[in-house]
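Chemist: Listed below are the residues making up each chain.
Number of protein chains: 2
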Amino acid sequence: MLKGHQTWIFDSKPIIISSAAVGGPFEAKGALTDDFDFLHQDVWLGQDSFEKAEKKLLEQACETAITKANMKKEDIQFFISGDLMNQIISSTFTARTLGIPFLGIYGACSSAMESLALASLLVDSKAAKYVIAAASSHNVAAEKLYRYPTEYGSQKPPTAQWTVTGAGAGLVAEKGSGPKVTCATIGRVVDMGLTDPYNMGAAMAPAAVDTIEAHFRDLNIDPSYYDLIATGDLGRIGHKIASDLLTKHGHKIPSNIFTDCGLLIYKDDQPVMAGASGCGCSATVTYGHLLNRMKKGELKKILVIATGALLSPLSYQQKESIPCIAHAVSIEM
Amino acid sequence: MLKGHQTWIFDSKPIIISSAAVGGPFEAKGALTDDFDFLHQDVWLGQDSFEKAEKKLLEQACETAITKANMKKEDIQFFISGDLMNQIISSTFTARTLGIPFLGIYGACSSAMESLALASLLVDSKAAKYVIAAASSHNVAAEKLYRYPTEYGSQKPPTAQWTVTGAGAGLVAEKGSGPKVTCATIGRVVDMGLTDPYNMGAAMAPAAVDTIEAHFRDLNIDPSYYDLIATGDLGRIGHKIASDLLTKHGHKIPSNIFTDCGLLIYKDDQPVMAGASGCGCSATVTYGHLLNRMKKGELKKILVIATGALLSPLSYQQKESIPCIAHAVSIEM
Numbered sequence: 009m010l011k012g013h014q015t016w017i018f019d020s021k022p023i024i025i026s027s028a029a030v031g032g033p034f035e036a037k038g039a040l041t042d043d044f045d046f047l048h049q050d051v052w053l054g055q056d057s058f059e060k061a062e063k064k065l066l067e068q069a070c071e072t073a074i075t076k077a078n079m080k081k082e083d084i085q086f087f088i089s090g091d092l093m094n095q096i097i098s099s100t101f102t103a104r105t106l107g108i109p110f111l112g113i114y115g116a117c118s119s120a121m122e123s124l125a126l127a128s129l130l131v132d133s134k135a136a137k138y139v140i141a142a143a144s145s146h147n148v149a150a151e152k153l154y155r156y157p158t159e160y161g162s163q164k165p166p167t168a169q170w171t172v173t174g175a176g177a178g179l180v181a182e183k184g185s186g187p188k189v190t191c192a193t194i195g196r197v198v199d200m201g202l203t204d205p206y207n208m209g210a211a212m213a214p215a216a217v218d219t220i221e222a223h224f225r226d227l228n229i230d231p232s233y234y235d236l237i238a239t240g241d242l243g244r245i246g247h248k249i250a251s252d253l254l255t256k257h258g259h260k261i262p263s264n265i266f267t268d269c270g271l272l273i274y275k276d277d278q279p280v281m282a283g284a285s286g287c288g289c290s291a292t293v294t295y296g297h298l299l300n301r302m303k304k305g306e307l308k309k310i311l312v313i314a315t316g317a318l319l320s321p322l323s324y325q326q327k328e329s330i331p332c333i334a335h336a337v338s339i340e341m
Numbered sequence: 009m010l011k012g013h014q015t016w017i018f019d020s021k022p023i024i025i026s027s028a029a030v031g032g033p034f035e036a037k038g039a040l041t042d043d044f045d046f047l048h049q050d051v052w053l054g055q056d057s058f059e060k061a062e063k064k065l066l067e068q069a070c071e072t073a074i075t076k077a078n079m080k081k082e083d084i085q086f087f088i089s090g091d092l093m094n095q096i097i098s099s100t101f102t103a104r105t106l107g108i109p110f111l112g113i114y115g116a117c118s119s120a121m122e123s124l125a126l127a128s129l130l131v132d133s134k135a136a137k138y139v140i141a142a143a144s145s146h147n148v149a150a151e152k153l154y155r156y157p158t159e160y161g162s163q164k165p166p167t168a169q170w171t172v173t174g175a176g177a178g179l180v181a182e183k184g185s186g187p188k189v190t191c192a193t194i195g196r197v198v199d200m201g202l203t204d205p206y207n208m209g210a211a212m213a214p215a216a217v218d219t220i221e222a223h224f225r226d227l228n229i230d231p232s233y234y235d236l237i238a239t240g241d242l243g244r245i246g247h248k249i250a251s252d253l254l255t256k257h258g259h260k261i262p263s264n265i266f267t268d269c270g271l272l273i274y275k276d277d278q279p280v281m282a283g284a285s286g287c288g289c290s291a292t293v294t295y296g297h298l299l300n301r302m303k304k305g306e307l308k309k310i311l312v313i314a315t316g317a318l319l320s321p322l323s324y325q326q327k328e329s330i331p332c333i334a335h336a337v338s339i340e341m
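Here the protein sequences line up with chains A and B, keeping their order. In this text, residue positions in the first sequence follow my numbering: the first is 9, and each later residue adds one. In this text, residue positions in the second sequence follow my numbering: the first is 9, and each later residue adds one.
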């Protein structure tokens, strides 16, 4: 382990021996349907609340990842997970179902990579042999909590994003085969004073840029090291801002390798405004689509930078601006 | 690092080189006033909301711990913190103030030891030289969020507990002098089906017992190893239940070494019903009182088991029971 300021370099290269992605009906009409393990036609997943439906998604993603590795819950030492719900109830109730020692995290939509970074640290430091990292979100549960219940039919500006209904999980191990986690860069909070919760992409873009630059600086590499650099859920507007800022700072990333999970998951004709968002966005795209592309040999080295807007409905009501963060994880085949 | 199932053994024994505890007016009338660095007479801390007041407490605890170590914010590599607010805004806004790379966690009142366990892991695995771990709670902000605004004057049953207005922070380092973190046991979720949010102590007691027993089992030690074993915030009722359960399971802890932070912080004549609670309870008692006693030579080996009730107001309204967790950290002088 080299101490690279904000970056942890994992000498043992922990392996993602299996992963799973689960989505809802809107994701089932999306662009990456082949990369999901399960796509549910019922946004309720047979439950009597949207929050319980989100828990089901997360349970299924974790259980599927464990099953795909031919393992049992009892074999896994730690479960690290976060989500967007108050008191991360999707994760805590999933932890109850799994019965695995649990570390709850919260980094809003950056949770997907915060959990993977920590899981990799646990395995690399020999604190564990098997750790499952996960994150989830549910469109309707998130709308109800952060904005308005969807039943109200409230309109949104074109800068708004569509929260993914989905969960992703990765099983990180010291031995086995699969994509390897080589390092992780932990972000700091960046807040440029933006206050519009309907334009999270713009608020989060500077945090993504801060972490990407820290990553290159700590490792003394440039963007050409990677085949693909994917931000979490900046969407069309945030991704353009991030790209412009990086170019301005002399770290231009070629457009053929710089993408955003929030621009990949849905089809162009789906009405998602500026793109997708939610912990489930980078979690399902990474643990499904991107790892599949690595396994097919299409990608060798990728960097995923999950971005999070660390506001709460209450901090917004109290006229606070939006603190943002981004955590980056480097995965190599 | 030995792999002891749920327990991380820190070979390098990371050091808590400084710590700080900050409290409010009710804590200023309590039993441990000499152990706080600051006690505020104004529950608002001069802010226009209780949430902003909590953020001030947390900022002050972190900044005080850093100053006491003769260090600057820029010297600290990571900040790990959690609190009870939705989307842990006390921690995220403090992370904005500090500007230190941030890992947000959520374990309800177990956050105090979850953050210390992770900070110690980071230092032990050489992922960092200096990490600040912290947690906070604010009585009025928590009442408003979890129960009723205090202005309503609603009554509570004698099983209820009083959320501490306070924040504690510890600066963990690879070198220096001070109490050392020797190991940490990460708990799993235990839910015995209890549903009464006015009796959290009873709900959390089995989780505390589960983690304490895992700790003894993983390390092959018994309670006599420690001078003091302190649960986080079980209060009078939960602590009695935990004690009874441990005795029943053949792990009786003598009453002279088994205590609870929620029974230490206030005076007997303060109207706190069954005792204190909140992330700020075990955080201030540990980082103030208990570490002071260690430095005075009164205690050599302690185990702090912070307990958390992982419900949300919404999970309660949806008739869910209360999943609970406990994380234990062993500190030796």
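Keep in mind that the hints were calculated from the coordinates and are not lab data. Quick caveat: nothing in here was measured; it's all calculated off a predicted structure. Each hint should be verified, as a subset may be incorrect.
Copies of the same chain look alike in the list, so a pair counts if it works inside one copy or between any two.
[To be verified] When the alpha-carbon atoms are kept at most 27 Å apart in a straight line, the in silico DSSO-like pairs for lysine-lysine are as follows:
hint, residue 1, residue 2
1, K183, K134
2, K60, K327
3, K37, K248
4, K303, K152
5, K260, K81
6, K309, K327
7, K275, K308
8, K188, K327
Chemist: So, for every hint listed, does it hold in this structure?
Modeler: Cross-check of the supplied hints:
1. Proximity of K183 to K134 under the C-alpha cut-off of 27 Å is found in both arrangements, the shortest distances being 12 Å within a copy and 21 Å between copies.
2. Taking the closest pair of Cα atoms, K60 and K327 come within 27 Å of each other only across two copies (11 Å); inside a single copy the shortest separation is 31 Å, beyond that limit.
3. With identical chains, the CA atoms of K37 and K248 are at most 27 Å apart within one copy only, with a shortest distance of 25 Å there and 55 Å across copies.
4. In this homomeric assembly, K303 and K152 never come within 27 Å of each other (Cα to Cα): the closest approach is 37 Å inside a single copy and 50 Å across copies.
5. Taking CA atoms no more than 27 Å apart as the test, K260 paired with K81 passes in neither setting, with 44 Å inside one copy and 30 Å between copies.
6. For the homomeric pair K309 and K327, neither the shortest alpha-carbon distance inside one copy (41 Å) nor that between copies (46 Å) is at most 27 Å.
7. Taking the closest pair of Cα atoms, K275 and K308 come within 27 Å of each other only inside a single copy of the chain (25 Å); across copies the shortest separation is 62 Å, beyond that limit.
8. Taking the shortest Cα distances, K188 and K327 never come within 27 Å of each other, neither inside one copy (42 Å) nor across copies (42 Å).
Checked against the numbered hints above, the structure breaks hints 4, 5, 6 and 8 and satisfies the rest.
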